[in-house]
Amino acid sequence: MLLGVIADDFTGATDIAGFLVENGMRTIQVNGVPSQPLEINADAVVVSLKSRSCPTEQAITDSLQALEWLKQQGCQQFYFKYCSTFDSTAQGNIGPVTDALLNALNEDFTIVCPALPVNGRTVFNGHLFVMGQLLSESGMRHHPVTPMTDSNLIHLMNAQSQGETGLVNYQTIEQGVSHIQARFTQLKTEGKRYAVVDAFKAEHLDAIGASITKLKLITGGSGLAAGIAKNWGEHLQDQTDAKQAGYPHKAATVIFSGSCSVMTNKQVNAYKDKAPHFAINIDQCLNQESYSDEVFDWVRSHLDQEMAPMVYATADASDLRNIQQQYGAQASSEAVEQLFSQLAIKLQTFGVRNFIVAGGETSGVVTQSLQVDGFHIGPQIAPGVPWVKSINSDLSLALKSGNFGNEAFFTAAQEYFK
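In the UniProt record's numbering, the protein residues as written are 1 to 418.
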């Protein structure tokens, strides 16, 4: 085993796993720290946690358990994967988890690299941009759990971590590997524990990737996956069989959308013109015990249509605020997640085998409810969103982070069925 990845949510795990496979690393994703011995034949293993927005102490505990398991598998390098929009609060969880992992590995330095240019996440002079907008001016400023109101990664990291953060600017990145590594050394000499690295094009990520071969711990989004895979090139084998293992087959399919991101709103609206769709009623979700049966009956009655039926709680920023004010943010979110959990179980029992899911929290709930232990990684529907196939059942899932994919994503996902 070459690389061990600790991902803070399910869509983030499939995100980086897909990029690793695309760049030559045989990769298996496991959901949570395995409680039973697993026989893993892979170059990399990704442990998907649900630690992005849970209490900080729980995030630290879960991440350290994942690290210990990965060490037992013989991993030589470790990657803490978080969202390319740096989803966190002033209390964490990115900083505290990074500190705990560094301490556990007896390391004193790592990088902070959320950049994913192919999906419009770029870092310039330490500031994070989303599709050309500062993070604080993007749709992420309205995130219901981790509203991002500061775009300066140095400020964000310093606020939630135990150490100090420095910058490796794009001018240094463009000078190449030796200059980047020299800057790392300088920052360490200055007492810095973390280095935010600028990156707004693929070439920057390649240079950064080639510069971090000696770092025991790396932190960031999925953008560095290609560069890391290239570092292990001489150890890698053919990927053809591994990719085939992750392909979905034509079978009963359903779409669940729990994300309220700007792009998911566009995707839901585009798909409503093409296929049956059912909007979740929050009041009934909270107060009607038989509501999941009603929604299940609706889905069942539309499974024979050409395009998969969609059940969605997706709402724009204004509607989301009204829902949260009326029912409470936590109560409404938990009710929707519980509904998706109940639906997933009922639909699996009925014979649904393909689940297309939008939203990190929703993906985690669905995956856990379906009791999927891990995934083979299949073809990428969009950058960072592969089809994945359960290693312990005949289920296939497409787990999409909120803002990933284009407006035709839900339709495009169904074009991969064999």
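Source of the hints: derived by calculation from the structure; they are not laboratory data.
Take the hints with a grain of salt, since some may be wrong.
Unchecked claim - Straight-line Cα separation of at most 27 Å, DSSO-like style, residue types lysine-lysine; simulated pairs:
no., residue 1, residue 2
1, Lys346, Lys272
2, Lys216, Lys250
3, Lys188, Lys216
4, Lys250, Lys230
5, Lys274, Lys216
6, Lys230, Lys272
7, Lys250, Lys266
Distance restraint between lysine 250 and lysine 230, which requires alpha-carbon spacing of 27 Å or less: 34 Å, violated
Between lysine 274 and lysine 216, does the CA-CA distance stay at or below 27 Å? Given pair lysine 274, lysine 216 is violated - Cα atoms ~48 Å apart, limit 27 Å.
Quick one, are lysine 216 and lysine 250 close enough, alpha carbons at most 27 Å? Answer violated: lysine 216 to lysine 250 is near 42 Å, above 27 Å.
Would you check the hint for lysine 346 and lysine 272, treating anything up to 27 Å between C-alpha atoms as holding? Between lysine 346 and lysine 272 the Cα gap is close to 23 Å, so the pair holds against 27 Å.
Taking 27 Å as the top limit, are the C-alpha atoms of lysine 188 and lysine 216 close enough? 15 Å, holds
With a cut-off of 27 Å on the C-alpha distance, tell me whether lysine 250 and lysine 266 pass. 26 Å, holds
Take a quick look at whether lysine 230 and lysine 272 sit within 27 Å of each other, Cα to Cα. Given pair lysine 230, lysine 272 is violated - Cα atoms ~41 Å apart, limit 27 Å.
Comparing the model with each numbered hint stated earlier shows that hints 2, 4, 5 and 6 do not hold.
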